[in-house]
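Asker: Chain A is fixed; fit chain B onto it per the hints.
Order-wise, the sequence lines are chains A and B. The opening residue of the first sequence carries number 1 in UniProt numbering; numbering runs sequentially from there. The opening residue of the second sequence carries number 1 in UniProt numbering; numbering runs sequentially from there.
Which bits of chain A does chain B cover? Going by a derived footprint, with three or more residues having C-beta under 8 Å, they are: (1) 46-54; (2) 97-103; (3) 140-151.
Which residues of chain B face chain A? A few of them, derived with a C-beta cut under 8 Å, are: (4) 10; (5) 18; (6) 40; (7) 52; (8) 56; (9) 59; (10) 69; (11) 91; (12) 132.
None of these hints come from the bench; they were simulated from the model. Bear in mind that the values here come from a model prediction, so they are computed numbers and not experimental data. Cβ atoms here follow ideal geometry from the backbone N, Cα and C, with glycine treated the same way.
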Amino acid sequence: MIIPLSQEQMLDLRQCLERGLPLVSRPYDNLAEQIGAHHDQVLQQMQQWQDQGLFRRVGLVLNHRALGFVANAMLVLDVPDALVDEVGNRLGRAPGVNLCYQRPRRLPQWRYNLFCMVHGREREEVTAHIQRMLEQQQLSDLPHQLLFSTHAFKQCGGRFTPPSSQVWAHG
Amino acid sequence: MDLDLLSRQLIERYQHGMPLCAEPYREMAQVLGCSEAQLMRCLHRLELAGSLSRVGPVFEHTRAGASTLAALAVPVERLEQVARRVSQYPEVNHNYAREHQYNLWFVLTGPHRQHLRQILDELEQDTGLIPLDLPMLTAYRIDLGFSLGAHP
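Chain A with its partners taken away, still in its complex shape (with noise of 0.2 Å):
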């Protein structure tokens, strides 16, 4: 029976968490020792973490600009409320969809409420995948808006976990 991390323990491990692993051979060692407990205490409480649906994947997070995938478009749409959940289905399944979700509308400075991502190479290469998308979906016709990023201000990982312990000071 491995001991479970305290409440302090859980939260500094969170916070190393929303920084990445360690590149290290043995990142749980690294992690544990920084929040003073023992490997096996940390892995346990991760598999705990994972079978709780508190992480979305795991894996390596990649800078899409880095990679070369620079043009990087919002598409919004009007959609009407009745049918928001039937179209974000097919366009959360369509090819290069990255991410697709129903956001509030607000009325009268912002009328779209349905967001997808979607990453390319080239912009006239992602306008026109949008375009032929929308048009394969037959929803060429509900208002839409192409937002593009022109410039990246500041990406890294969600910070949840407010400040509380040493671990923050060294971040």
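Answerer: Coordinates of chain B only, in the frame set by chain A:
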């Protein structure tokens, strides 16, 4: 950057489903048929090139806390300055300029919704600009990483 075969294999195979064990890189190397040292060198190279942000979990924000997508319509001559102000918050993890009247888009994450609201109110007071606050209502597709091949 040009990617060698191992980098491509790593990217295609391990944006999710990385093993949770004491020596994850060794297990990944076994699956990909290389040595652990080769795999670690590859990860270091990707990191140095800026292609790899980090390795590890991406938190499910509906369980890990609160998150929202926010936007500001910033007069062009103030864009840099307002963007810097926005990026200062550790709660801001993505902050992009986009071509639109709403030209600054950023993602806020925090322990709870009220915390995010406070930041947006602060930004509104500081900049005189009213942010759009667009929290996710339904996810039809979540980001599970992306394929090098399946993109335009």
